[in-house]
Every structure is written in structure tokens, then in C-alpha cells.
Amino acid sequence: MSTTTAARFEIKSRSYLNPEGRLVGTPPAIVSDSDLLKRLYRMMVLVRTFDSKAIALQRTGQLGTYASCLGHEATHVAIGAAMMPEDVFFPMYREYGTQLWRGVHMEEILAFWGGDERGTAFRDQPLDFPWAVPIATQTLHAAGAALAFKLRSEKRVAVTVIGDGGTSQGDFYEALNAAGAFGLPVVFVIANNQWAISVPLKAQTACETLAQKAIAAGLPGIQVDGNDVLAVYEAVTEAVGRARTGGGASVIEALTYRLSDHTTADDARRYRSAAEVEDAQKKEPIGRLKRLLTARKLWSDEEEQALIQDCQRQVDAAVHAYQALGKPPRSDMFDYTFAELPESLQQERAQALAEEGSHHG
Amino acid sequence: MSTTTAARFEIKSRSYLNPEGRLVGTPPAIVSDSDLLKRLYRMMVLVRTFDSKAIALQRTGQLGTYASCLGHEATHVAIGAAMMPEDVFFPMYREYGTQLWRGVHMEEILAFWGGDERGTAFRDQPLDFPWAVPIATQTLHAAGAALAFKLRSEKRVAVTVIGDGGTSQGDFYEALNAAGAFGLPVVFVIANNQWAISVPLKAQTACETLAQKAIAAGLPGIQVDGNDVLAVYEAVTEAVGRARTGGGASVIEALTYRLSDHTTADDARRYRSAAEVEDAQKKEPIGRLKRLLTARKLWSDEEEQALIQDCQRQVDAAVHAYQALGKPPRSDMFDYTFAELPESLQQERAQALAEEGSHHG
Amino acid sequence: MAKVALVEAVNLALARALADDPQVVLLGEDIGMNGGVFRATVGLQERFGPNRVLDTPLAESMIAGLAIGMAAMGMRPVAEIQFSGFIYPTIDQMINHAGRLRTRTRGRLSVPMVLRAPSGAGIHAPEHHSESNESLFAHMPGIRVVMPSSPTRAYGLLLAAIQDPDPVVFFEPTRLYRLNKQEVEDNGQPLPLDTCFVLREGHDLTFVSWGAMLHETLEAARLLAETERVSAEVIDLGTLSPIDYETILESVGRTGRLVIVHEAPRTAGLGAEVAAEVAERALYELEAPIMRVTGYDVVTPFFKLEHDFMPSVDRIRRAALQVLEP
Amino acid sequence: MAKVALVEAVNLALARALADDPQVVLLGEDIGMNGGVFRATVGLQERFGPNRVLDTPLAESMIAGLAIGMAAMGMRPVAEIQFSGFIYPTIDQMINHAGRLRTRTRGRLSVPMVLRAPSGAGIHAPEHHSESNESLFAHMPGIRVVMPSSPTRAYGLLLAAIQDPDPVVFFEPTRLYRLNKQEVEDNGQPLPLDTCFVLREGHDLTFVSWGAMLHETLEAARLLAETERVSAEVIDLGTLSPIDYETILESVGRTGRLVIVHEAPRTAGLGAEVAAEVAERALYELEAPIMRVTGYDVVTPFFKLEHDFMPSVDRIRRAALQVLEP
Ligand SMILES: Cc1ncc(C[n+]2csc(CCOP(=O)(O)OP(=O)(O)O)c2C)c(N)n1
Ligand SMILES: Cc1ncc(C[n+]2csc(CCOP(=O)(O)OP(=O)(O)O)c2C)c(N)n1
Ligand SMILES: [Mg+2]
Ligand SMILES: [Mg+2]
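Chains as they are written, first to last, in the working numbering: chain R, 1 to 361; chain U, 1 to 361; chain X, 1 to 326; chain Z, 1 to 326.
Some hints could be false.
[Unchecked claim] The calculated lysine-lysine pairs, modelled on DSSO-like cross-linking and capped at a C-alpha distance of 27 Å, are: (1) R:12 <-> U:12; (2) U:150 <-> R:202; (3) U:12 <-> U:283; (4) R:202 <-> U:155; (5) U:297 <-> R:150; (6) U:283 <-> U:297; (7) R:282 <-> R:38; (8) R:155 <-> U:202.
Please keep in mind that the hints were generated in silico from the structure rather than gathered at the bench. In this text the structure is predicted, and so the values were computed from the model without any measurement.
So here's chain R without its partners, still in its complex pose (with noise of 0.2 Å):
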């Protein structure tokens, strides 16, 4: 025969809970685990309240750029959930619900985005990469963490998050593809909020779906609504499940959408319409939560005043453990360049804290 079919592939996309807050179709298991709902529900609404001061602290000129995860809660927070505590994540950098849910502290948040390295020790998470802002990088990183984890027969998962604009990164791609090559124990999961700064999806790639990324690696690709927690929180602990079982990497493209600026030093008035924001508030992920758990009568308005009055008392610790973090020593810059530091830095570094020690720095 002259044509024949060589391969074939689709790409499912889920979605379980309405921006109604209604549940459609056959709804996955944890639906009826109301403690872990309230438990998401709970550091969601964390996360935002937590959001809305660090933009405040920089408005204010008490922190450097900031990057919001408006709108990205229920992705986030469901990553932190489906994963185990001795699992590895491999953030992008807006990625808090995740790292909050797995022992990462708002002030240390705040330390990285207010200049401070001292914002990435993260003192109860100590397995967790840093905040990666070099685009993509860090999908390398998970994929070699994950090698490690097989050579050494780990049952460990590496979960690694990147957005739409990242997709175009080579260093994405080879990620996958060495994934796939030799059947590695990651989850890559596409936060497509769909704009890259001020570049749209459709500028991004000529793809339908972001998901379809992993066909060119051999790998499971599969969509979903990422502001619906319950269909994240699924497919990641689908995909972290099979991965730590021997079952290989898979690609997971979360829908969602970034209400907020890009950062705190972007105006996303210029490049995009008030009216699609406002649309894409009406599908933003906690309203919809809420609503399920209300109609199923898992939360009631005092528990609604008492966790934002909670959430208010830990943010606001968290601020003043911040503020009073102060300036790092001078001799930090160089102390952590080597496990131990050579001669050549040595008198650097003495030159340094000696010129610091004289009246102008």
C-alpha cells in the first residue's frame, strides 16, 4: 500500500467543576474527600491573601518586582497536594500555592522577591529547587533529578512546572525528550495562562493545545481546566502515580489564566483588553471551590471569616518576619560561592568586608 497510518494521537482534555461551582460528568474520587477540599480550599485562599500584600508591600516600595499567581491557585495548590513529601518540585517562579502546601514560608517568599537570598534556604524544605527565572531551565533540572531517582531506585517523583511561553524553549523540549528516552519519574505540568508577558498564546506556537508538546517526546499529554482543582489534582496524582511506578513521564497543560499584571513592573493594559480579563475572572478557580463546598454544605460563613481572619494573622507574620530580615552581611556574597572558599576569594572577600569596615562603602 502506498499511504498508511503510522501513528495516531489525541488529546483529552478534563474538566469536573464548572466555573458555577457544579460538579458535570462523573467527578473523580476526591471529590468525596471533603477534608482535602477544605484542606485546598484553605491554602487557596491562603495564597491569594498572601498575593494581594507582597503586590502591596511593592507598591509601597517595601519589595522588589513581584510576580502574582492571581488566578493560578487551584494549579498550584493541587500540584502541592497530589505530590509526596519526598517528591522534588521544580518551580518556575509564581508558583507559591505549591510551595506553601510543601513547607516553603511566606517570608521567605518575600525575602527572594525583596533582593535576599536568604529567601531561598527554604529551613523546612529542604529538598525543593529554588525559583527558577532563566525560562525553562528547570524542566532540565527535574528530568535530571528524576534520572538520579531511577539509577538509584527511588520511588521519588520530580514535578516540575512551566508556562505557555516556556513551551518554546528548547532546554523544555530536550527535557521531554530525555524523559521519554529513558522513562524518568516527572511530571511536567504547563501552567498555560495564556500569555507570555504580553505575547499571546497564538503568537507563542501554532499548536491548538500545549498538551500535544509531549507527542513529540513519546510521552502521555493530556489537558486540563487549571482552575479547577479536582481536575489538577487528578491528573497530576495520575501522573505522579504512574511515574513513581515505573510507568514514565507524562505532560499535563493546565487551562488557567493570569489576572494580574505579569509582574509588578508590567502594565497588561497595554497589550490585552479589559473585557477578556474581566471574562476570564468569571472562571477563576476559588469562587468555584467555594461554591461546590458550600452547596454540599462543607463550609459556612464563619468558617469563611475565620479563615481569612487566619489567613490576615499568617500573612501578616510573615510580612514582619520580612521586614525584619534587614541587609544580609557583605560577607554572605561570598561565602556560599564554594564549599570552601580558594585563596583568590579569600582576599576578595577581606578586601571587601575591609573597605566596608572603612567610612564609605
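Please arrange chains U, X and Z with the ligands on chain R, whose structure you already have, making use of the hints.
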């Protein structure tokens, strides 16, 4: 609905001329163009004659490391034939069939592998890029050239070739994605010869086909029998035509086999079985085209004899021209670094020439 | 003639080049409707259209590679890298192709592209946004490296870079983007790429610096004159590769003392190159050791410590006093 | 004790490290069944299995990135880059991550990886296979750069690089891979990464060089002694970053003359760094200009001209005579 289908893809595979030289299915129009068929055949024989001579030169210390194209002749020659003169070709390093078709001279190819930049001057082919040894980098140049054509509304197409190993590089993927995003007139041909030096395809990627890499960029991808000159010619002609008329980029995976060592510096017996090579030998492209021509009474033993002699004569002439080249002047090393030599380089140049004049180099 | 800041001078030069030469095309991330994250390309897409000012997908190796292909086909692409720490993926394309397509085609093809990139610390930016990496590019044959230190020079040098028949990496010191305004005549006149600029004449010692550090260097020179009666010559390298050594050697020949100031880490920084060349060609004219005042050999710290990393006016002044010690 | 060539010494060190530490894993292109294109890893996959010696897909940024992830999880990956011109895609991962994961986690995570790569010309190799790019890596904070110049040093320095808690870029001069054999005791003993090696003692002038150029430098020193009665000290930098200046300064303090020899292009080459530091710290001890004998500022030519590009024994000798002129 909770689960929907977001996208579906299919990779087709085409083959018309089977290893026995018999036509299968409905062959493309080119099959009735006897002249073209004969031109293709002649070029395939010429390039194979050249190839074995080049290997002989290397073995006798008259050439540096050389990358043979043995087994790739149908793919390479068909690409050349399907392109227009005003199109631009971006080779990797073994597409002599394409290059000879487009006016590159055999002595230029020899000069390149003989360590002489003058081989890259392409005196009768001013447009095409020289060989790209850093794997996959050329695919971005092709996309860039296509972008220039598009922006200037020129009806020209960029065509590039990459290997199976090359498809693992980020640059390749970035080129595909750019081609999709900008809708560029570029054709990516993957010469899948099953090996990247010692790395077999299955260790390179988990993909079932390499054509499916196209899906990650939203491009059409197709697989063809790369040893079937009809199938390659048809696919490239279609793709080039589509690109020329505003239809954008495409990816063609040509399935072939590297019958030789990777280069003359390699010994493939270290990593692959003789049986595998023997098997592949049965599917090589030149014999099958000859069988078709013979069966159709388009080719006689006399013509074959004449062709062999003619090829031998041409190759010998090229070898003589190459051998007569001698060493380039030392000044050449400087003179093409910038359009005009900066002061500091003028000094280095003068010094280098003065030292050459003095008794030791 | 309006007073403009450095970033506006860049914008003026880009607009001028777009207007004068239809082969000039800008490409980069967020340079179109958004006008660039530093606003260097603001208004240009509106004015010249989306076929002249292109937003690209997010991939730096791609940006460099596309520009090479375009340039080889006769265009004059001016590509923007968004922040200094994201230029590294271009290195392979720049060193393996941009800098050598001319030589590896015996002059048949060439790469008249410009790669614009921000450079340096001091603006309280996030991680990876404050690097100085000019020395990596200065080591690449076939590539010019340029860094302006004022609006006028930004305008003239950028025009020259765009008109240059070979690849130019053009670093823009972000700290100077809005620091001072200057009258810039938008006259389409390029400045030469083969000469340093003497920003201040003097006879006691020579400062060589480039980019944003000239700000501190000039201030140090002013203070030295004011408080120590030291007359310092200040040379702006301008084109960092190939270097115009004549100007430097002539100056050091007069002053006998050289202090080099740059922000990048010390080891294998470009200051070493200047010092080495002077130590070879003018050793007998030197009356004191050549000093380098540079960033330390550490990762550019997050912004709380960035000023502890960058050479301060005081460090520069003290180095000068040290080489002036009898 | 067998006499082995440099490439065999590399193989011995790799085997030793694989045997001694289960966290050591080799990865790279064609290093497994094929044993590496230069045969540096021959027999290792057979001996240690495919979980210790991994053939990777063809992607250098990936190789570096995977190694970083593995190293951060406590492994000791030793990654091979196949030829010198293909190391550039690793630069982003090396400078933005490998060299700074320790500082950007306050010591919580670290990257004890080795990136092995061939270096230099002189073996009649194809285009892009003959580059010398050590200076780019020497400019990166948090990364050690090492280049051995003999089988013994290759063995000891590679073991040290693998044991080092921080990233090391380990350049192997391909021209020396099979040039000379030496007795190498496979005793698992690392050599220090914080010191130069004095290969020849002398009192008239100091040569500083590294990698394959030491071959020509030692030959020049021998000729100078034989025909000119000049006693030249020859220092092998060994670890190119951070540099051990004590040894160099001590030597220049005695000889008063310094000639630096390297193969990489001159501008912003690592020779500049050595010259600059000496010109700052030992100017008053210098009795002659510091000379650099280097590759020219051109693209490494195809092999017909590679010996015209590389410093020859004669160029080195003449530079020495020049600094010795009264
Ligand atoms: C390699 C690199 N290039 C450019 C940037 C500048 N930059 C920061 S975020 C961003 C857009 C990222 O978009 P996306 O991947 O969709 O993630 P999002 O910010 O939307 O979550 C860009 C271009 C960067 N950080 N790294
Ligand atoms: C960036 C880069 N890395 C490594 C190499 C060394 N190398 C040359 S050819 C080759 C294998 C290429 O395999 P493939 O892409 O399948 O092409 P083929 O040689 O089989 O035609 C390798 C690894 C290179 N030339 N460039
Ligand atoms: Mg996005
Ligand atoms: Mg192949």
C-alpha cells in the same frame, strides 16, 4: 462533559517503490516523467561514485575525516530536484546529493573535508549555506531565511535537513515552533538513518515516528520511505509548493539507513550488528530505482556502462582539482574575519606573515 | 533638540534605522505592542508595523538563529535579548555561526545583525537580571562588542552597529537607561566603532572603563580633582572588541598610571585584556602597577547586596590614590 | 605500573571513581558501547553497566541540565561533551545554575558535577572540533576550570574534580590524548586543585601555560637552554580558575620576566587574566614587558592552516628572547 477530545493527530507514511523496484499503490505523477527519473538516477550514481572515492582518499591520507552519504542518495537527491534554484538549502554535513544537484562542486566538498575553507565558497551556488557541523543549528538559519522571504514577500523556500539524532536538540524544536508561529516557508527534512553515531533511534527518543515531532509545533508531519526517490520527491515537492504559496512549514521524516560508518573516524562494528546492516543493504535506494528504470525499458546496460565511466571521469577531475588546491595563504585566516580588517587584526596579520617569512613558521 | 535618556536614544536610533533602511527589522520578546520591558522599542511597532517589529516566541537561541538566517539573506535584523542573564543561550549561535559565516563561506555570506542586550546591576531587579557578561562576547572572533555610556553615544553607536556589515553585540547599561538626559540630535549620524572616547582629559592617571561604571568613574575623577588635586583622564572604551589601543596607549604614555574599572567579575573580565595589552606594549611607561577595580568573583548577588558587589566611587578613588602613591 | 597516554589516564580515573563511589555516573553522547569518540570511556559501560555509564540523546544543554539535577540530588555526574565546539549550549545551564545553586540556596543544595570536554586544535579534525574556550568558563563564578597537560596530572586532577563538592569544567587537550605515555599509578590519589605545577625550574624567565601548549612551551624552554643558555621556568596552570597566583608571583619575583602561552584567541583569553594580575601585584619586579603568545583573534581555521594559528615553538622562543633583550 468531564472528558472531551481537544485534538487528534495522525501521521501518515508513504512509499511507492519497494525494495524490489516494484511500484505499490498509486504512484505520484513523477513516475511518468522519464527524463526526471533518469536525471535522479544519474545523480544518485554520481554521488555514490564520489562517496566511495572520498572514503578512499581518506583511507590513503589524502583527506581528513569524511562523512559518507552511502544509503542516503534518494533522500538527498530528491530534495535537490524538488527545490527551485532561488530556494535556499541549509544542509547538515552529508547531503552531497542535494548539493551537487544545486551546483556545489565535488572538489568543494573535498576541500571542506580536506581542511580548506575554500571549499565553502560554492562558486556556482551563491545562496546555499555551508555545512553545519554543530547539530541542529542550521534549522534556525533556515527558519530565519524563511522569515526574510516572508517579510519581503519573496516566493522562495528554505529547505533544511537534520538527522534523527539532531531532532533531540532544542534548536530543532525552536526552529519548528518559530516556523509554525510565524507561518514560514520552510521545509524540515529529517533524514532518519536510524543511528546518531552509536546511538540507535530507540535510545534517542521514545517517539514511534520522528514525523510526529511536527505536532509539537502545530505543523503537518509526514513519514516517507527515504530510499524511495519517488516518495521523497513527491513529499518535498508538495511541502515546498505549499510553503511557496503561503501554506507554511512542514516536516518530512525520510526513513533511510546509514550504510557506512558514521564518518571515516568511526567504526560502526563496535555498536551494531552486521546482520542489521546487511538487512538494510537490501533496501538501499539506487538498486531499486535502477530496477524500475530497467523494467520500464528506460535504462540499458550500455547506458549504465557509460554512466559509470562518466561518473568516474567527473570524480577523477574533481579529485585532481582538489589535489591541486595546495595550502591557502596564511593571510586567509585573517581576511574573512570582518568585512574590513580592524587595526588590531591588521597587526596580528602583519606579525603572522612576517613570522612566516622568517625561517621557522 | 530634545533632551533624552539613554533608553530613548536607543529608541530614536532604532526608529531612524527602520525609517532609513527597509531591510532593518527588529525582533525579540515583548518588543511589539508592549514596547519592550525597558520601553526601548515603544511606539515602533505602531509606527512601522508588525512586519518590521516582530514579537517572537520565547526562545533566545531561536532569536539569535533567526537573526543569522535573516542577515545572511540580506536583512539587517536587530534582535533584543530581554535581560542580561538570558543571553547565554545565544552564545552557541553567535560564536559558531554569527562570528564565522563570513570566513566559512570565504566572504560569500555575511551576518550584519545586531544583538541588543541589557547589561549590569544597580536597578533592584530580580535574580539573573543584573549580570555583566561582555567579556564572553569579546573573546569571540568576528564579532564586535559595543557598550555606550551616554544617550549620544547610544544613538550614534547603535546606528553604527546596525550599519556595520558584521555582527555586533550591543550592550545597554540598564542603570543608565534613565539616569541622565542629554541633547541628542536625531541626525542619522553613526559614531565610529574603532575608537575609544576620552570623556575627561587629565595627566596624572588614566581610567579606562565602559558602560554604567563610567558614572562612578567620572565621579571619582571629579572628586580626585576636587579634593586631591589629581588630574585623571577618563576613557570610555565604547567598542569593547576589537579595542582601540592607540588611544589608551597614548594616554597611559602621558600619565604612566592606569586604573581599569568594570562591573563584571574580575577573573577573565575584559579589564584583564586591557591591562595585559598595556603591560606588554607600555610597560616601560608605567610608573605604578595597573589596577583593576571590578565586581568580585562571585555570583551577582540579589539586590540587597548589589551595591556591595559593584565597584563604588570610593573603591575607584582609593585605587587611584594607591597607584599615585610615590 | 603501566605506561599510559593521557586519554587512558582519563579512562583509569573514571574507572577508579566509578568503582569507589556508587554516586558517580558518567553520561554523554556515544560514551557507552562505543566507548567515546576519543575512546576515553572505552570498556566502562561493559564493566560498570548501563546504569553507571549512560548514552544520552544528542543535546548538550540537556546533558548539563541533567547533570545539575542529578548532582543536586547527591549524585556525582561526570558528563562528557563530545567535541570542543559543542560545549556552548551548556553555558546557560553552567553559569545560571551549576555555578550558583549553592549560593542561591544558601548552601542547601550543591552541584558536584564534572563537565569533561576536549579542547584545542592540532589533530586534523573537522570544523568546530578544534576550539579552545576555557576563558569563557574561567569567567564564571562558582565553577572550577581544570586542564591537565600530562597523563599523571590528567589522572590526579580528574579524580580531584570528581571528588570536588562544586562544579568543575575539565578540559582535555585532544592533541595530548595520545602524544606521550607516562607511568601512572592507579592509586586513587587526587592532585590538588589549588596549585600550579612547576614543570621546569629556571631563573631567567617564567613561562605560564596550560594544556597542550605546554608541549611547545617545554620544547621552547629546552631549546632556549640548549642554544641560548637561557634558564626558563615553566609553570603549568593546571587549575585555570581559581588561579594559584602564589606560585606564579613567586616565580616572576625571581625571574622578573613573564611569557604566557595559550592556544585560544588573544583578546579576553585567559592569558590576559594572568598578565593583568601580575601587572598589578608584581609590577616592580618586572624587568620586561609581559608577553602573551596566543592564537590569533580569528576563527580557528580549518586544519590546513591550524598550525599557522597555534603558537609554534619558534613564536614562543622568540617572545622569550624579546623579553630577555637588555
Ligand atoms: C530565558 C528567559 N528569557 C526571558 C525571560 C524574561 N521573562 C520572564 S517571564 C517571561 C514570560 C514567561 O511566560 P510564561 O512561560 O507563559 O510564564 P508566565 O509568566 O505566564 O507564568 C519572560 C519573557 C526569562 N525570565 N528567561
Ligand atoms: C552540537 C553537536 N553535538 C555533537 C556533535 C558530534 N556529532 C556529530 S554527528 C553526531 C551524530 C548525529 O546523528 P544524526 O543527527 O542522526 O545524523 P547522522 O550523522 O546520522 O546523519 C554527533 C553526536 C555535533 N556535531 N554537534
Ligand atoms: Mg504564561
Ligand atoms: Mg542519524
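Structure-based check of all given hints:
1. R:12 <-> U:12: holds, 21 Å
2. U:150 <-> R:202: The hint holds at about 18 Å.
3. U:12 <-> U:283: holds, 20 Å
4. R:202 <-> U:155: Holds, because 25 Å separates the two Cα atoms, which is no more than 27 Å.
5. U:297 <-> R:150: violated, 60 Å
6. U:283 <-> U:297: Holds - the C-alpha atoms of residue 297 of chain U and residue 283 of chain U are around 22 Å apart, at most 27 Å.
7. R:282 <-> R:38: holds, 21 Å
8. R:155 <-> U:202: Between residue 155 of chain R and residue 202 of chain U the Cα gap is close to 25 Å, so the pair holds against 27 Å.
Violated hint for the displayed structure: number 5, the only one.
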